[in-house]
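Residue strings, one per chain:
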Amino acid sequence: MEHYIYFIPLFPLLGFLLNGILGKRLGKSFVSCVGCTSVGLAFVTALFVFKDLIGRPVEDRIMVDTLWTWMAAGAFKVDVSFLVDQLSMVMILIVTGVGFLIHIYSIGYMHEDESYWRYFAYLNMFVFFMSLLVLGANYLVMFVGWEGVGLASYLLIGFWYEGNENADAGKKAFIVNRIGDFGFALGMFLMFWTFGSLSYLDVFPKAFEMYEHGHLALNAPVLVAICLLLFVGATGKSAQIPLYVWLPDAMAGPTPVSALIHAATMVTAGVYMVARSNILYTLAPTACLVVAYIAAATALFAATIGILQNDIKKVLAYSTVSQLGYMFIGVGVTAYWAGIFHLMTHAFFKACLFLCSGSVIHAMGGDQDMRHMGGLAKKMPITYITMLVATIAIAGIPPFAGFFSKDEILWKAFNFPYYPVSGKIIWFMGTLGAAVTAFYMFRLIFLTFHGEFRGTEEQKHHLHESPYFMTVPLMILAALSFCGGWLGISPLIGHALGGVPNYLEHFLEPVFEHSQEIVATIPRVEYGHGMEIALMTTSVVVAIIGVLLAFHVYIRRFPELPARLREQYAVYYDLIYNKYYVDEIYFRIFVWPTYYLAIFFWKIIDVIIIDGIGVNGPAWLTQRGAYVFSRVQNGQVQTYGAFMLLGLVGILWYLLRF
Amino acid sequence: MDLQYSFSLAKLWSICGAQVIMLLSGLVLLFVEIFYKGKSPERRLSTIGWLTTIAMALALGHVCNKEWNLDEVVFMGAFSMEKFSAFLVAVVLMAGIMASILSIGYLKNNKIYRTEYFLLLAFAVYGTIAFVQAVDLLMIFITLEIMSLGIYCLAAFLRDDRLSLEGSLKYFLIGSFGSAFLLFGIVLIYGFTGEINLTKISSVLARAPFQHPMVLVALAMIMVGLMFKISMVPFHMWAPDVYEGSPSVVTGFMATAVKAAAIGVFIKVMAVGFGPVLSLSGQPEFYANALLGALGAYWKPILWWISLLTMFFGNLIAVNQRNVKRMLAYSSIAHAGYMTLGILASNDMGRMGVLFYLFAYTIMNIGAFGVIYCLDGQERHAQTLEDYRGLGYKYPGLSFLISLFLVAMAGLPPTAGFIGKFYVFAAAIRSGYLLLAALGILTSVIGAYYYLRVVYMLYMKDPVREISIPGVSVSTAVILIAAALAVIYLGILPQGLTDVADAAQKTLSLVF
Amino acid sequence: MSGFETIVMYLGMSLLAILGMLLISHLLGPFRPKPRKATTYECGVPLLDPSAKRYSVKYFLVGVLFLVFDLETVLIYPIAAKFKDLAQLGWGGFLEIFVFVAVLLAGLLYAIEKRAIDWD
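Chains as they are written, first to last, in my numbering: chain A, 776 to 1433; chain B, 1476 to 1987; chain C, 821 to 940.
Simulated from the structure, these hints should not be mistaken for laboratory data.
One should not assume that every hint holds.
As the list claims (entries may be wrong) - Here are the simulated DSSO-like pairs of lysine-lysine, each with C-alpha atoms no more than 27 Å apart in a straight line:
id	chain 1	residue 1	chain 2	residue 2
1	B	K1675	B	K1512
2	B	K1486	C	K878
3	B	K1936	A	K799
4	C	K902	B	K1514
5	B	K1583	B	K1512
6	C	K878	B	K1512
All of these numbers come straight from a predicted model, not from anything done at the bench.
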């Protein structure tokens, strides 16, 4: 009885087709009905699959549903098939569950938009591709989903295409993701070359077997290459340094889209991919180290940018980049389940935060600038409370969800089995980032909901609590942000509470079994409970310091202290306010006069440079290069003939050179 | 006269049936064209157009009707019809049918009622089929010329259009240049082996010192002649001018059928004529699966570089184009580069991938040019990127179709283009061309940029000038929608076609 | 490579000789252009009209048609020479040449109907 998994992607696909083809004619109520029902049905199916899955003995918890053979040539074969195990189960429940809530929220949020049907069609398409990504039983199906969600995101970012800026943001997202996808595709081909297959059920056991039989050394170059190339894809999709630049701009799309795609689900695809390929990463410690360092750097870097953003959605965007960094720290230090755990809690509280910000923006009549807000708590109590809950969760204060997952990640980072010293550094960066997170998130709360209203009279008049379609999902998500973390209580606390088990870790354990076996063979220092308690206390204390600091600056001494700080530290202020000038740097580097030299670097030699290029860079470069080359195409038949002759001479020279 | 080949009508019909049908119907059309006056020019045009279509459909029926599991695949040492050729003939005829149906609408849009168009198309299709089927170097040359003459005239069919005439003349001049190379190569190989039949050439070469400079020069010349038709860098320079100048539908036909045929013949010549090695017994042996056949060691490194250059230049220059047709011209150069990867791989998967790619590419390319002519109205009325701005909401159907075709060309899943690319890249990797495949993937990233820029223009920019297009005829719409469905279908369920393509490429050894 | 050196030397020498002669005449010869001098020289007869004239396209059409039918004769000729051998094939050989001529005839009819050989 596994042949019903395909219903999960099928429902959103049908919804997409119905809305896409007929939506324009059938009116808004039909469109919202189809849009929400399809995702709701997918969620229900996922629940059935879940029931089925936990009804099985632990060693048998893998369900494969093969639909048809997609490609076959000789020994090579790729099926269109879906695989449900514990990992994809967690993911698909998040995707369809949170997706369903956000669909409902969208009914309220988008009700005035004239392209309502288009919006829901795209959103259903997104859920379809996302479930392909998560459920696919091989890398190729995952890749289809990977590209598909990129397309959906591109379309939705540019949804209000009338503003050129929005369309450009969509384009930027797409191009950056193509660079990432290039890495992903290469990694995939290299994997195919190494293991002769792309199916999870072939590649992972084979990798483990080859390792056990000594055919594949720990840290074998080819594995490191595969993992790093795949990670290049992940940096694009999951907005890590250096390819994170598209995500803040992606906030141009409608807010529910930001919540669903650019916070809760799509951007976590990279984390899922790394967790899915856990055995490969475990066998390539160098790749793990790179992942962990990039992740830690992203976590801290993006958090600092978040401090000074004035656009409420931009703050959340940088916070997402930063939180994704935490997830990658988790999977990077081989604590895969912790990464997935944080992915889950983050999906709850970040979706909640985004939807709350949507509610605020809705009330403000589309204004996203926090400098115009203030004192909204009285006008929008539900939004205020739910957002506060989610903020406490992201700040990492117990017993809210974020505390458990973030703390687990930091503890595992401290215990990084392969590189203990780096583990400490990463832990330190992560903890520092946690303090900054608490600070900027509470800054957001204080600026938005407390103090005096700073907007126009008209806006003040317009302020109102959002309709139930919007607030009910908020409440559900807030509840989940509050208690979602209890699924993964670490043994230490669980023991203190009287034997509360760590449900999530036990549930996910079989997926990471081989990885854990390998890691267990690495000698390392074991830290006791004392250390764990100390670290836990540290992270809570720094979070509270962050909150208090925010309170001091933005409530007690507002507005004169922020203004004074701004003047006093103008240099740093500008630097951070302008996001460290990364966009500008990316552009400048490639306007360098010797661009054609850079072209060669870019094209042929250096993958690192490829990673390093921003958005305007490659487009500009390619166009310049193309211009130079198209000079040759001058329309003269003589030139054409001469080139043919030259080609022939070249060939003859090669053939007769002996 | 050499009497060893016995002439038999039955054999002629079974092996060259499609050619016979095309030739006879071409002759019939000749008289219809003279004597049929018709009620109005439009009626006359569509009647002759449909007659041509029917003729091609009959020929296609002849090809598809047979299993082609024959013992006898060669007719008088001149033409062969094994599954490999049958596949390509079918692709060519499919392209021809699509082109001739689209042409009816195209000519009406442009108010051109000269019906020689369809005659030329029919004879060009005839020449292309014969070119694919030829296994004799002389026949290859003659049929290549028949094909080219038809195309030259079609390219110049917009008599009052400067670009069309200029393109055609350039094509003719450079084409003669290319043919001269081919002919010179044939002469040299004939001089060395005393044979013009591919099979015999290979058996002579297998016994003779094939590293002889004369053979190598002949190899180079023949390669250049064929690569010219495939439009591989640096023999590609005619393509953009000609593709831009020619009537859109002709461009579509040129970019697909001619390219498919030339690639097919290229594979045939390289795998059969220059592919054999000596087996242990001293007998020549067809050895298509060898990574390096006897002469493979010579032509493969060349093809490696040419493939790289083709992918690289095609994609890079396409980025800079403002004219959509010209952009697609460069993109078709790039596609030739990808297909070369499959040829280079020289394994089953590679050749199968090339055939699949050709099929998919034919559908999406003709589809794209079909939409271009529809959006154009009259030729060159609206075919720059600026003209396409914001059309997505004014003409949702056509915009969606061209977006789909372009996405397929960019190789995004789940479209036929993705599957084709995947196969050729995977085959190349399997044969050890890891670096080339990686570079190829990199160029396809550039490719995605310019394809999707069109989509971006269609949907995310506001129009700068008013574009109004005449209605799309039902037949055109049917062809375009069928092509779109095929592109998606082949992306999701490619297995049927890959099986056929695989069976087709396996029969290459029958020619030998 | 024996023998090739000589050829290469020969080619090189002749190239040098040509270039040398051109150079010498360029250096030594006086260069005083006058409009009269720059006109086309036609055996001392004054110029009648420009040499780059437009011919009627009909001329090319007839020329091409002539060329086609002229060359076909060459292709038919071997059949006549080998007729005895061919006769052993029965109708096959006849059919072949018949088809060949029929195609030609069709072409001729087409050309006539399209009024390709009418001068006006």
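How the hints compare with the structure:
{"no.": "1", "hint": "B/K1675 / B/K1512", "verdict": "50 Å, violated"}
{"no.": "2", "hint": "B/K1486 / C/K878", "verdict": "43 Å, violated"}
{"no.": "3", "hint": "B/K1936 / A/K799", "verdict": "21 Å, holds"}
{"no.": "4", "hint": "C/K902 / B/K1514", "verdict": "50 Å, violated"}
{"no.": "5", "hint": "B/K1583 / B/K1512", "verdict": "17 Å, holds"}
{"no.": "6", "hint": "C/K878 / B/K1512", "verdict": "25 Å, holds"}
Consistency with the previously given hints fails for numbers 1, 2 and 4, ordered from lowest to highest.
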